[in-house]
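Trainee: Sequence:
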Amino acid sequence: MQPSLYLIPVTLGETSIEQVLPPHNKEVILQIKYFIVENIRSARRFLKKVDNNINIDDLTFYELNKHTKPEHIDNYLQPITNGFHIGIISEAGCPAVADPGSDIVAIAQRKGYKVVPLVGPSSILLSLMASGFNGQGFAFQGYLPVDSAERIKKLKQLEHFIQHDHQTQIFIETPYRNQKLAEDIIKHCTPSTKLCIAMNITCENEYIKTLPVKQWAKKLPDMGKQLCIFLLYK
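Position one of the sequence shown corresponds to residue 362 (the numbering used here), numbered consecutively onward.
What the hints contain is simulated information worked out from the structure, not anything from laboratory work.
All clues given are correct.
The calculated lysine to any residue pairs, modelled on SDA-like cross-linking and capped at a C-alpha distance of 25 Å, are:
1. LYS430 with ASN400
2. LYS410 with ASN386
3. LYS548 with HIS527
4. LYS579 with TYR537
5. LYS430 with GLU452
6. LYS409 with PRO461
7. LYS548 with LYS570
8. LYS410 with LEU391
9. LYS580 with GLU567
10. LYS387 with SER377
11. LYS575 with PHE522
12. LYS541 with ASP508
13. LYS475 with GLY444
14. LYS409 with ASP460
15. LYS514 with GLU544
16. LYS548 with TYR568
17. LYS427 with SER403
18. LYS515 with GLU534
19. LYS394 with VAL411
20. LYS394 with ASP418
21. LYS475 with PRO364
22. LYS575 with ALA510
23. LYS586 with ASN561
24. LYS517 with THR554
25. LYS387 with LEU420
26. LYS570 with GLN380
27. LYS541 with GLN518
28. LYS472 with GLU432
29. LYS580 with HIS549
30. LYS541 with THR571
Now the in silico label distances, taken between C-beta atoms and shown as ranges:
31. ASN566 with ILE378: 14 to 20 Å
32. TYR504 with PRO384: 30 to 36 Å
33. HIS385 with GLU544: 41 to 47 Å
Where a beta carbon is used, it is the ideal one built from N, C-alpha and C, also for glycine.
Model the full structure from these sequences, guided by the hints.
Mentor: See below:
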């Protein structure tokens with residue numbers, strides 16, 4: 362097989378491998394000795410989950426996160442030039458989507474290396490599928506501003522995109538700020554704007570619900586320490 366950069370999806374939460382990842386992914390993973398990962402400890406745990414017989418000590422890990430120096434990134438792809446596959450593993454979901462892995466993929470594309478995305482769960486797409494919102498025009502906004510005034514301004518801007526571009530707006534938040542974000546949406550968005558809260562997607566305690574903003578006031582679930590994704594539409 363041609364030496365390639367494989368983008369390896371990870372389960373969302375403690376979901377079983379068999380529930381969300383095809384057997385082909387395991388076949389690919391067992392051929393890889395070099396991994397670019399967001400967190401070495403969680404990557405090791407994921408690989409053991411894929412196959413408990415994997416010898417972790419035989420593998421080489423390169424850490425890629427906000428602390429990685431840009432000048433080191435180029436060297437991470439060196440194994441491909443020596444005939445070896447490389448896998449990218451993020452903390453959860455699909456690599457290079459709302460994830461630093463996209464920097465590596467961009468370098469691989471510039472160098473003409475083969476890039477292979479594997480099938481796996483994406484909270485962005487799964488939540489959009491379940492929301493009932495426009496799936497032909499949508500935008501993922503990542504994190505909204507932390508500053509309260511800037512966040513409110515951003516929410517108003519997103520409502521403009523919803524009304525004028527008919528575009529579903531998707532965004533996330535740090536778990537401990539989930540509740541505050543939802544409260545800001547209820548307080549500052551148009552009452553008829555629809556909000557979908559998708560929490561712990563694919564997990565046993567999965568929760569996905571769409572309601573007009575005005576109906577969420579007394580129905581907000583407890584989102585503290587939970588993995589949530591939020592969607593707005595008209």
